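2 protein chains.
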Amino acid sequence: MTEIITAAMLVIGDEILSGRTKDRNIGHLADIMTAIGIDLKEVRIVPDDDEEIVTAINALRTRRTYVFTSGGIGPTHDDITADAVAKAFGVPCEYDAKAYAFLEAHYAARGMEFTEARKRMARMPRGATHIDNPISGAPGFKIGNVHVMAGVPAIFQAMLDNVVPTLKTGTKLVSATVHCPFGEGTIGTLLADIQKAHPDTIIGSYPKYQDGTFWTELVVRARSPEALEAGRAAVQAMVDGLKKSG
Amino acid sequence: MTEIITAAMLVIGDEILSGRTKDRNIGHLADIMTAIGIDLKEVRIVPDDDEEIVTAINALRTRRTYVFTSGGIGPTHDDITADAVAKAFGVPCEYDAKAYAFLEAHYAARGMEFTEARKRMARMPRGATHIDNPISGAPGFKIGNVHVMAGVPAIFQAMLDNVVPTLKTGTKLVSATVHCPFGEGTIGTLLADIQKAHPDTIIGSYPKYQDGTFWTELVVRARSPEALEAGRAAVQAMVDGLKKSG
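Protein chains in written order, with this note's numbering: chain A, 1 to 246; chain B, 1 to 246.
There may be inaccurate statements among the hints.
All copies of an identical chain are treated as equivalent in the list; a pair is satisfied when it fits inside any one copy or across any two copies.
[Claimed, not checked] 30 Å max Cα-Cα, derived DSS-like pairs, lysine-lysine:
1) K22 x K196
2) K119 x K98
3) K244 x K119
4) K119 x K243
5) K196 x K119
6) K196 x K168
7) K168 x K243
8) K119 x K87
9) K22 x K119
10) K244 x K196
11) K196 x K87
12) K87 x K98
13) K98 x K168
14) K196 x K243
15) K87 x K168
16) K22 x K87
17) K244 x K87
These aren't lab readings, by the way, just hints derived from the structure by calculation.
Predicted, not measured: the structure shown is a model, and the values here were computed from it.
Using the sequences and the hints, build the whole thing.
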């Protein structure tokens with residue numbers, strides 16, 4: 001039996017909920033998870049609020065194989081992710097000796113003062129292990145199945161690159177896309193029949209609208225190439241049939 | 001005492017979680033909520049899964065003044081939002097007589113067959129009221145404090161424009177669209193300057209690509225007609241200037 005590996009993402013930050021910053025990490029994580037065969041099952045966005053973060057972390061970490069967070073690990077007063085994650089796990093949040101020494105040396109080498117604000121970035125839940133940050137130094141961390149990463153997209157992506165090789169990965173989904181020049185109203189019933197006839201595929205229909213015209217991108221996903229090809233061929237045959245009759 | 005009005009968003013769709021489609025509705029809703037003084041407190045993204053949708057709807061609608069959903073109201077087999085929302089409210093999901101008659105006439109006027117798939121779009125929870133869809137006809141709906149809208153960004157935005165004036169503290173936003181024959185790379189810096197110079201507007205840029213050409217739809221939104229007109233005129237002047245210099 002194939003083990004199904006699942007993931008959830010928690011995006012932390014008032015600036016995403018206010019619209020001031022547009023999230024770019026959800027789509028990236030989704031792409032990477034799909035590529036390595038992990039099912040991203042849920043995403044939540046919560047504000048910089050202790051209770052909201054604790055509740056979400058505990059809801060997600062108990063239900064999914066992995067949790068990935070973005071945001072709230074910088075040096076300012078509203079960066080409260082480390083404290084909230086520690087609280088969720090019921091452990092103290094404290095200066096991590098290795099992170100502290102690393103950051104002290106990091107700023108010394110740049111002739112920058114190791115301020116109280118910067119020292120905050122060495123705080124993490126007791127027992128956490130580091131996720132290296134090749135861009136700006138301050139590490140993310142992992143505790144249990146929760147991976148805590150930065151919100152700045154370049155740093156989030158670099159940290160995720162370091163995390164990916166440590167993950168159990170599921171069987172990779174393979175996919176095929178069929179371009180369909182008809183809208184969903186035209187193909188809906190036929191497509192539902194194809195989905196029923198190919199239960200080992202996941203057939204998605206993605207409506208597009210541009211300049212007054214509807215068309216559809218049909219994506220077939222499966223865990224085996226054989227199932228994929230059977231599903232794809234059925235969808236393509238449907239489209240070809242409609243073109244002839246249209 | 002000022003009443004605090006809160007909102008939550010539920011994004012429904014496997015395609016967002018797989019990374020195939022990148023969400024553009026969260027940022028838009030966040031901008032609009034901020035503009036009209038409603039606090040967006042939480043966003044969740046869930047798959048096209050009955051149980052996940054029901055659980056999320058019930059968690060969010062009991063905790064926030066308003067809930068807005070995107071996705072899953074089209075004509076195909078994976079469009080299960082209406083059924084799931086009905087289940088969350090404990091009411092039947094059935095053909096809505098007004099929506100059915102409207103869609104029947106809508107397709108008849110276009111010489112298009114009113115297929116079983118298209119009929120699905122007339123289904124909604126008993127007691128729901130319509131949210132008009134000026135783009136493709138099939139309405140969204142409102143039941144209790146939950147507003148169910150389409151996932152296609154142009155339709156989501158048009159539906160939201162219809163919902164905003166009905167919300168408590170919803171200062172009505174007015175909007176104007178400027179067609180721009182240039183891509184975002186050309187106009188990005190100029191447009192950012194205009195946004196800065198017109199802080200009481202929200203200027204959205206919606207990139208389009210067709211037949212090998214990039215162009216952009218620029219939408220200016222504001223709470224007053226004066227601010228709107230000032231912003232619109234600035235955007236139009238930018239486009240006109242580029243046309244001359246191009």
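Now for the hints, and whether the structure bears them out:
no. : hint        : verdict
1   : K22 x K196  : both (26 Å within a copy, 17 Å between copies)
2   : K119 x K98  : within (12 Å within a copy, 62 Å between copies)
3   : K244 x K119 : between (49 Å within a copy, 24 Å between copies)
4   : K119 x K243 : between (45 Å within a copy, 22 Å between copies)
5   : K196 x K119 : between (46 Å within a copy, 20 Å between copies)
6   : K196 x K168 : within (28 Å within a copy, 44 Å between copies)
7   : K168 x K243 : neither (42 Å within a copy, 48 Å between copies)
8   : K119 x K87  : within (20 Å within a copy, 50 Å between copies)
9   : K22 x K119  : within (28 Å within a copy, 36 Å between copies)
10  : K244 x K196 : within (24 Å within a copy, 53 Å between copies)
11  : K196 x K87  : between (45 Å within a copy, 23 Å between copies)
12  : K87 x K98   : within (21 Å within a copy, 52 Å between copies)
13  : K98 x K168  : within (26 Å within a copy, 51 Å between copies)
14  : K196 x K243 : within (22 Å within a copy, 49 Å between copies)
15  : K87 x K168  : within (26 Å within a copy, 36 Å between copies)
16  : K22 x K87   : within (28 Å within a copy, 32 Å between copies)
17  : K244 x K87  : neither (57 Å within a copy, 40 Å between copies)
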